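Participant: Which chain is which? The protein sequence lines are A and B, in order. Going by our numbering, the first residue of the first sequence is number 16, and it counts up by one from there. Going by our numbering, the first residue of the second sequence is number 16, and it counts up by one from there.
A couple of the hints might just be wrong.
It does not matter which identical chain is meant; a pair holds if it fits inside one copy or across any two.
As the list claims (entries may be wrong) - Each computed SDA-like pair below joins lysine to any residue, with the alpha-carbon atoms no more than 25 Å apart:
(1) K224 with A41
(2) K224 with L144
(3) K224 with L89
(4) K224 with R195
(5) K177 with P200
(6) K295 with P98
(7) K33 with S146
These are calculated hints, taken from the structure and not from any lab test. Bear in mind that the values here come from a model prediction, so they are computed numbers and not experimental data.
Protein chains: 2
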Amino acid sequence: MTSTAADPLPSWREGPAKAAILGFLARVSQEGSPDVIPLADRIAVVDNDGTLWPEQPLPFQAAFAFDELQRKLLTEPELTEDPMVRAALVGDLATLMAGEHFEGLLRIVALTHAGMTNHAFREAVETWLASATHPRFGRPYDALTYRPMQELLAHLRACGFKTYIVSGGGADFMRVWVERVYGIPPEQVVGSTARTTFQMREGVPVLTKTLDFLFVNDRDGKPVAIHQFIGRRPVFCCGNSDGDQAMLQYTTIANPLPSLGLIVHHTDGEREYAYDAVSKSTGQLVKALEEAPERGWLVVDMQSDWLEVFGAS
Amino acid sequence: MTSTAADPLPSWREGPAKAAILGFLARVSQEGSPDVIPLADRIAVVDNDGTLWPEQPLPFQAAFAFDELQRKLLTEPELTEDPMVRAALVGDLATLMAGEHFEGLLRIVALTHAGMTNHAFREAVETWLASATHPRFGRPYDALTYRPMQELLAHLRACGFKTYIVSGGGADFMRVWVERVYGIPPEQVVGSTARTTFQMREGVPVLTKTLDFLFVNDRDGKPVAIHQFIGRRPVFCCGNSDGDQAMLQYTTIANPLPSLGLIVHHTDGEREYAYDAVSKSTGQLVKALEEAPERGWLVVDMQSDWLEVFGAS
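Work the whole structure out from these sequences, hints included.
Facilitator: Spelled out as C-alpha cells, the structure:
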C-alpha cells in the first residue's frame, strides 16, 4: 500500500465498512505487518453484475442479447417460433429466468452469442455499448459502474492485489470492455464460457463461437472456475448474491492466509435498487446474507455506506 | 527492454537464431521503435514438454503417472485387469500412445489424476518430484529444464512480456512447480484440464479432481484454450512439435501486431535426443517444420544453436 494522505475510498462514508476494508488491506500489504500476504498470493476475485454495476431491471448482457435478438429477427423472422424468443419479445422474464441456471435466458444468449466469429461478436458488443442506454438511468451501460467499487478495485491494485472478475456473465462479452472500464486485462476475467473452434479459413486463423461445453460460472461453478483459471485460492472476495456464496466460502473458510469476504447489499431504491430476497432479475441474496455473521463477511449497505453510487456522467 | 551490456542469452551460440530472437524482442519492446508492441499485448505462449524440458523417453507427467500407478497397485491389485494398465506395466508405449489424443495414456492419467482432493494431488506431485529421477540423466525431473529456454523466458519478461505456458500437460500437475522452476505463476499456465467439484466437507471447502469435461490442450485445442484463458492473441510463440502448429499459426498469421514463432528442433542425440518425424514418445514434428519457411517461423537447432542444454546439476 502506498502511503499517502489522500483517501483511497472517497465515495465511501466513514464508518465500520470502510474502516474494515482499509484496515484489512493495510494489515496484509504493509511491509513489516505480521499479517502481510506474499505478493503472489494477493488474489482478489470480484463478481460483476450487481457488484461492479447494476443487474436491474435485467443483467446488462441480457439487455444486449434482447437487442441483438430484435436485430436478428429482421433477417430471421422464423425465430419467433421459439417459445423462449417469444418470451423475450414480450418481456416475460419469469419464463426466461426459470430453472437453476436461467435456462430460458441462456437460450436467448445462445441465439445471439454463437455461430459467429469471435471478431464479429466483439464488434456487435462494441456497437451495442456505443449506442444502447439503460432504461432508467438513460446512460450507456458502461457508464453505470459503481464509483465506490471502482475506487476499491484501484486501491486493491495499489496494495499489490491482482484483481480478477469472476462473473456469471460471458467471458467473451466482458473481455471486450473490461480493460477500458475497470483497468482489468482480459486474461483476468473468469466468466461463463463455451468452447470456440479454431480453423484456418482462406489461409487466415479464425475462432468461431459455439455453445459446446457451456460452463455457467455461477454458485459452485465459481470456485471451480477460480481453480481452473487461476489455480490458487483468493484472499479477497466481493459478491452480492447467493451466486457468490460458494466463492465467499472458498476464499474465507480455513484459508491459511488472512482473507476478507464482502457482500454488496442493494438497499438503495432511490439511487439504485433495493432487493435481496426478492429480485425480478438475477441477484437473489438470502443464504449468503444469513451466513455472513458467522463467517465475518462484511455486508456493505449501499444506502448508508456509499456517498455516491455512480460516477459523474 | 532494459539496456545492459550483459548478454541475456549466454547459453545461445552467436548466429542467426540468437540474432533473430534478440532483434525481434528489441524491435517490439524498445521505446521509440516504430514496431513497439503495447505492453498489454506482449503475450508469449510457450509449450512445455520438448520445449522447456525433455519429453523423452516419456513425457515427464507420464513417468509420474506410471510411478503413481505402481504405488496404487499395492492397494488396488485388481487394476491389472485394465488392458491399459497392463500396457503401462510392460512399457508398451505403442498401445498407450495410439489414437489422436493418446487415449491409452490418458486412461493411466485418469487412474492417477482423479478421485482425490486437489490438495492430495499436489502432495503426490511434490513427493514424486522430490524423489524420482530421470532414467538417462539421473537427475530430478525438474532439474532438467533447458537452460537456453530459461534464459529466453527471463529475457521475454525483461522485455515486458507476460510469459504463459500452453502445454498438453495437466494444468494441476504443472501448477505445483512452475513458479519455483520457471518463475511463472499458476494463473499463467494453460494446460489440459478436467473439472473439479466444489463442496463443503465437515465445514471446510474441498476441491476434488474428476475427469468430467476433459479438455486436451493439444493441436487445435491450443488456440482454443489461449482464447478461453487469455482472451487475446499472443505475439510470441514457442513450440517443438506438430501439436504446436495451430498456436504457431494463431500467433503469427494475419496478426496485426509484429509476431514471432519459434520451433525447438531436437537434433542433438548426444546431449539430449534427436527426433522429429519419428518419436517413440510425443513430439512428432513434420507438418510444422514443413510450414516453417513459408511462415518465417524460426527453427532452433539444439545441436548448433545451444552452447549448453541443461544447467549445472
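Participant: Now tell me, hint by hint, if it's right for this structure.
Facilitator: Hints and how they fare:
no.: 1; hint: K224 with A41; result: neither (43 Å within a copy, 35 Å between copies)
no.: 2; hint: K224 with L144; result: within (20 Å within a copy, 39 Å between copies)
no.: 3; hint: K224 with L89; result: within (22 Å within a copy, 46 Å between copies)
no.: 4; hint: K224 with R195; result: within (23 Å within a copy, 36 Å between copies)
no.: 5; hint: K177 with P200; result: both (10 Å within a copy, 12 Å between copies)
no.: 6; hint: K295 with P98; result: within (20 Å within a copy, 55 Å between copies)
no.: 7; hint: K33 with S146; result: neither (36 Å within a copy, 49 Å between copies)
In summary, the numbered hints that this structure violates are 1 and 7.
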